[in-house]
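Same order as they appear, the protein sequences are chains S and U.
So the first sequence is residues 1 to 509, counted in the numbering used here.
So the second sequence is residues 1 to 443, counted in the numbering used here.
Treat each hint with caution, since some may be false.
As the list claims (entries may be wrong) - Here are the simulated distance ranges between beta carbons:
| hint | chain 1 | residue 1 | chain 2 | residue 2 | range |
| --- | --- | --- | --- | --- | --- |
| 1 | U | E47 | S | T25 | 44 to 54 Å |
| 2 | U | P411 | S | H491 | 47 to 57 Å |
| 3 | S | K378 | U | A43 | 48 to 58 Å |
If you're looking for bench data, these hints aren't it; they were derived computationally from the structure.
Don't be surprised by glycine CBs; every beta carbon is placed ideally from N, CA and C.
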Amino acid sequence: MSFKQAKWNEPLIFERSKPGKIGFTLLEPTEEEKKLAGNIIEVVPKNLLRENSPELPEVSEVEVVRHYVRLSQQNYGVDLGIYPLGSCTMKYTPKITDVIINNPKLRDLHPYQDEELTQGILQILYELSNYFAEILGMDKVSLQPAAGAHGEYTGVMIMRAYHALNGELDKRTDVIVPDSAHGTNPANTAMAGFKTVVVPSAEDGTVDLKALKAVAGEHTAGFMLTNPNTLGVFERNVMEIAEIIHDAGGLVYYDGANLNAILGKARPGDMGFDIAHINAHKTFSTPHGGGGPGAGPVGVKKELEKFLPVPTVEFDGKKYYLDYNKPYSIGKVRGFYGNIAVLVRAYAYILLMGPEGLKRVAELSVLNANYAIRKVLKAKGYMLPYKPENLRKHEGVVSAKQMMDETGVRALNVSKRLLDLGVHAPTNYFPLIVPEALMIEPTETESKETLDELINAFIKISGEAYSNPQVVLDAPVNTTVDMVDDVKASHPKTMRLSWRMLKKHGEPK
Amino acid sequence: MLKELGLKSIDDLFTDIPEKIKFKGKLNIPGPLSELEVKRKVAKLLEKNVSSMDVPVFLGAGVWPHYVPAVVDAIVGRAELATSYTPYQAEVSQGILQAQFEYQSMICELTGMDVANASMYDWATSLGEAALMASRLTKKTEVIIPHFIHPERKAVLKLMVEPAKMKIIEVNQDRETGQINLEDLKGKTSKNTAAIYIENPSYLGFLEEKAKEIGEIAHENEAFYIVGVDPTSLGLLKAPGDYGADIVVGEGQPLGNSMNYGGPLLGIFACKEEFVRQMPGRIIGLTTTKKQNQRAFCMALQTREQYIRREKATSSICTNEALCAVAAAVYLSLLGPKGLKRLGEIIMTKSAYTMKRLKEVSGIKTPLFKAVHFKEFTVNFDEAGKTALEVHKKLLKEGVHGGKIIKEEFPELGETALYCVTEVHLKEDIDKLVDSLKKVLEA
Chain S
1 MSFKQAKWNE PLIFERSKPG KIGFTLLEPT EEEKKLAGNI IEVVPKNLLR ENSPELPEVS
61 EVEVVRHYVR LSQQNYGVDL GIYPLGSCTM KYTPKITDVI INNPKLRDLH PYQDEELTQG
121 ILQILYELSN YFAEILGMDK VSLQPAAGAH GEYTGVMIMR AYHALNGELD KRTDVIVPDS
181 AHGTNPANTA MAGFKTVVVP SAEDGTVDLK ALKAVAGEHT AGFMLTNPNT LGVFERNVME
241 IAEIIHDAGG LVYYDGANLN AILGKARPGD MGFDIAHINA HKTFSTPHGG GGPGAGPVGV
301 KKELEKFLPV PTVEFDGKKY YLDYNKPYSI GKVRGFYGNI AVLVRAYAYI LLMGPEGLKR
361 VAELSVLNAN YAIRKVLKAK GYMLPYKPEN LRKHEGVVSA KQMMDETGVR ALNVSKRLLD
421 LGVHAPTNYF PLIVPEALMI EPTETESKET LDELINAFIK ISGEAYSNPQ VVLDAPVNTT
481 VDMVDDVKAS HPKTMRLSWR MLKKHGEPK
Chain U
1 MLKELGLKSI DDLFTDIPEK IKFKGKLNIP GPLSELEVKR KVAKLLEKNV SSMDVPVFLG
61 AGVWPHYVPA VVDAIVGRAE LATSYTPYQA EVSQGILQAQ FEYQSMICEL TGMDVANASM
121 YDWATSLGEA ALMASRLTKK TEVIIPHFIH PERKAVLKLM VEPAKMKIIE VNQDRETGQI
181 NLEDLKGKTS KNTAAIYIEN PSYLGFLEEK AKEIGEIAHE NEAFYIVGVD PTSLGLLKAP
241 GDYGADIVVG EGQPLGNSMN YGGPLLGIFA CKEEFVRQMP GRIIGLTTTK KQNQRAFCMA
301 LQTREQYIRR EKATSSICTN EALCAVAAAV YLSLLGPKGL KRLGEIIMTK SAYTMKRLKE
361 VSGIKTPLFK AVHFKEFTVN FDEAGKTALE VHKKLLKEGV HGGKIIKEEF PELGETALYC
421 VTEVHLKEDI DKLVDSLKKV LEA
């Protein structure tokens, strides 16, 4: 396979602008409407009328289309090839889900419409929240959070409400997270007003129980864990962990970023977790859209149900309705009810897969990850820290430290060279406890043949690193642009964050 | 593949999960269904809905019906964009990066700010983040908000600022005109004020005429001035940056995104350059490549973000509403400055037409406030001797969905609903509303 990404040298759309052009014709009001309305501009106070038009581009319809289609050609997605970005679960999205959400009965539905007119969507949301609860092993799910980190935020705010109701919020100041945790865990801990306490990982990459026992106590509000963890290692002591935290009076939170590995195989609710979120855009195959929208439903055990955000979707045996009557609810974490169009895709995905299909997802994702990692490790320079002989689940974190020490080729360079070879790179430099980390998650939707292409790319790069490292250090050369200067992008003197800043300060030099 | 791993069966891959927590049953979910069955099942369920394409719906209040040009769908449907992740590998992701940079730039043009982020979840969370940002920068803890604020935005704000021990103070608005009472505002603003927040147009649709003076009160007290906007007004109305705003938030859904029963939405967040290091969310920057020194794009100021900064991050947001932002960029490119201005004029014309026609109906008072309204306006039924709910239910029978009943939110406004009219409401839709209301109220 050879790869050369499109390169159009496409200017900013502002630079295509020519005064007088327009790309869309609005429907004008009728003469009667205009006549009765009168001159509406005259009634607007002068101080509120815009004097200078906003400097938006003036371009024709076809120019808009070509500009953005060209940009799309300068972008890599799952539909072009493997995207083994660890902890991101970049699986293929069945195309039928594009088709079913393109329906005016969904798109043109207003969230405040009378429930008589929205029974269809409410039924979908009600059923979906039940499916998610079943998959998580939780009792009730809220579909409101907009993203995984937002689900976490909701979960930690539920922890806060729980301790507040028990009159212990002043005392319970700490949320414990492992050193391998996603950055969102400590960030949400802070947003919820808690202090983050970090526990180290043991030799096998799992939570060090002794260290956990040492920090758990009367100050503990809760513990956040993803299982399998970010090393791809299953936390086999999860029940003991939960017991330690519960004995201390805290709640245990499941970060659902890595749920793909255990779908239908094990459930957070059965492992002692009290709260769990789902990343619909990871596990349930909704496309990530270059950064969103996603959806981050959050599930809880029975005793925490009363804290879920309002409204929840309920069914009284005859009709579906939105229930705001929850006096202990944390309130609202966003406007309206959730990223509905994303959730309907997840609903369709679950129906397509069924219980056996979801279990198969976990099996194949784990098989693919272990196969890819084992094979990559055969090449010189790659190591698997934390007991390499142990199985990984859906992902694994390979270290290129040896390669760096011996050849000067870093994980970053390996990644850039992978791009040259037509595959997306793994996640770099995460988790922080692995030096020169390459976090590989192939997902279940890749065939053996595609995995072999990825593996061969890793092997080829190893060979290059030890024979002609400059090829790797010079990468990428087949992508739209060569290596991007991200330091310049953030430096006060060269930072250009908008067209307006670019015009004011000139091209970054 | 199993053989290569030295394993006999798939089960061997799961030996690390202790027996006692293995799930041995079968998940109680339906399926598997074929593609054909899924398509039929979901279509059949959605068929139960009655949408704004089936009957005229006069709802707004945070999500608004607007026409989405076909070009927008064609672009955001491009698999190269839709199936990509957050652009961690910039060299292979220039398309989404440039599109997001253009979105940020257009938001800056609309709002009069220097920088905008690549999106927040929605207006409500943008507001919460803006209050937190103002508090971080001023080291003060009070935020002043208008009395007539959207209850959902207020609820989200309340949740988000409570852990930071911030206090929310409401400023009075004149019962006649809706305008913020400047004396009350001055009385409530102090050395503890981190920010003053207004919405323009307001939640109830009227414009705030003393926007500049309010900003001055904020700045005299070394507080931030945060302004919430509906971006469809900004081709016609003054940019908040031109009347002193430091941070602008708002809802970008009207820019090329369908309502979708309330999500996904598009939180707008923009500010002045000097504050960018405390800004939440992802920001795309224009830079150069290292070797060829060509223009290129990448994520900038990442040290503010959770995956590097962890508990010291400015926010926990990572997955945002990137593709909705691309839709907004495409939409704004299509309309351009003239189109956006005309859109604002059309919306004002149609809502003015509706208000004037509604005056024909006995028992109706609209709008309740003597002020200029943009897209939304209050309709009061007190004199008709019917509750807003009764009117709503009867209208539904006539095949019209009225506005949002706001009686519980603002009891002092009586039997009132908030109506919304945009460019998608045809004259016959509006006339049908008027005729139906006559029938319902005058019968």
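Consistency of beta-carbon spacing, H491 (chain S) to P411 (chain U), with hint 47 to 57 Å: At 54 Å between Cβs, range holds.
Distance restraint hint 48 to 58 Å, applied to the beta-carbon atoms of K378 (chain S) and A43 (chain U): 49 Å, holds
Distance restraint evaluation - E47 (chain U), T25 (chain S), Cβ atoms, bounds 44 to 54 Å: Because 32 Å falls outside the window, the suggested range is violated.
Checked against the numbered hints listed earlier, the structure breaks hint 1 alone; every other hint is satisfied.
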